[in-house]
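Novice: Using the hints, put the two standalone chains together into the complex.
Chains A and B, in that order, are what the protein sequence lines are. Here the first sequence is numbered in the numbering used here, starting from 1 and rising by one per residue. Here the second sequence is numbered in the numbering used here, starting from 183 and rising by one per residue.
Rather than coming from a laboratory, the hints here were simulated on the basis of the structure. Just so you know, even glycine gets a beta-carbon here, dropped at the ideal spot from N, CA and C. Do not take every clue at face value.
What the hints assert, rightly or not - Covered stretches of chain A, as calculated for chain B (at least 3 residues, CB under 8 Å): (1) 32 to 39; (2) 57 to 64; (3) 100 to 110.
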Amino acid sequence: MTMLRVLFYAMSFIALASAIFVASTKNLVRSVFMFFVTLFALAGLYVLALADFVAITQIVIYVGGILVLILFAFMLSGKENLNYISTRQNKFISINKIAGFFLSALFLVVLVNVIIKIDANNLDWVKRSVSGKTDIQPDANVTENIGVNLMTTYLLPFEVISILLMIALIGAAHLSRKEQSA
Amino acid sequence: MISLTDFMIVSAVLFCVGLYMIVTKQNAIQILIGIELMLNAAILNLVAFGRYDRFNNGGQMFALFAIVLAAATTAVALAIILNVYKRYKTIDPGRVDNLKD
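Excised from the complex, chain B in its bound form (with noise of 0.2 Å):
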């Protein structure tokens, strides 16, 4: 049997991933990229949680509106940086530094 805690360290490295990723990068792509690598290692938590929980599947099932709910998240999160793109010419969040008028 694999241990709690090895999926555990996994996750927090993915994390850590991603929260790199979040502070340096210069593209908002990839600052959505690191959102979602954090998103994924909270859902492998839950999962190998939920192991534990045959009745009421607690971890699955919250695992399963996360990904629903980063589906959604990131649906807006790529209008947004479309129209960004639009009117900036660039997806650089350090660059974007004007209001509308």
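Bound conformation, chain A alone (with noise of 0.2 Å):
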């Protein structure tokens, strides 16, 4: 019990510092570096939630595919623009990231706030589950039933994401060609 919440403890501290870490610095490919960890950080966090094929899921397709996209336009984009922007930035501590800060500072408060006012553990639902045994336990085997329920419940949601997924890969193909046939 006490490790559990070490372990999340833990998790959540490096997700969340190394988020405001890329949101912070002012070295950009520092940045897109800093942004695998807290994504690893979030796939022990799905773990812990018992989720363990969601964090496999993300694992692969985030790490594995997004970032090498973002890092792949990253080294595309030129060199001069990474110094224009970051020397620019030093020059004027500007009043719209001063704007910014207040702006999500602002929204932090109001979230916890509804969050603290909401006290999910006492949802209704939630407690049924609890009292009822619906709840995943830590032995379940949660990806043969994900499996089952993709091929039954979701299946047109299934389908739909895949006709999606291809429509995007072909529009991605189409935006990025050569433009003389445009």
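Specialist: In structure tokens:
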């Protein structure tokens, strides 16, 4: 029980600290690499929420796919551009940064207030699920259940999302084509 | 057991960091990273709640769909960013201020 808590705090500390580092650092390439750490820590948090399949998917798709794509675009979008932005940011600690900070801080206050007011552990259906033992136990076989559900209950969304993924891939390929025949 | 409130507070902080990035950054790729952070905060909430649904796995299933949608979004967005860079030689959204002709 207490080991679980320690792991949770460690994971969430890593995730939040690296996210804040990503948001605050001047070095853009370093911020992209730090985003790796955030995603891995989030995958760890998913495991702690007993969603191991989602955690693996997160690592495979986010870390393996999306982040490599982002790095790729980063390298393609030129060095002088990166230098330009980092020098210009040094010059004025601009007003929009302060405004953005206040906006997100106030939003955080509102969100935390709402979360504390809601008190999610005493929600009706959560309590019913705990007392009826329909919550996921640590030794449950979740992946098998997900596979069965994917082919029965969620078959339509599954097919729709496969079509959407194909459309997005074709669209991306079309957008990044050479211009002459457009 | 880790309570739902803990997960929700972690995801709230992540969401606000993503919001800060979207509002203040002057680089389209960093704005995209901010969007990814916000999406991940939402997915964390879905997963945390999905724990109380053993038979339908609604939360985890929706988290999977959200991850796949994020992948599709990112592919298209990066293609657009590369095109913008080709045309304007910059990816600062504040300086992309022309239409095609």
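Novice: All the hints need checking, so say for each whether the structure fits it.
Specialist: We went through each hint and held it up to the structure:
1. 32 to 39: Holds, because 4 residues of the segment 32 to 39 of chain A bring their Cβ atoms closer than 8 Å to Cβ atoms of chain B.
2. 57 to 64: Three-residue rule met by the segment 57 to 64 of chain A, so holds; n is 4.
3. 100 to 110: It holds, with 7 qualifying residues against the three required.
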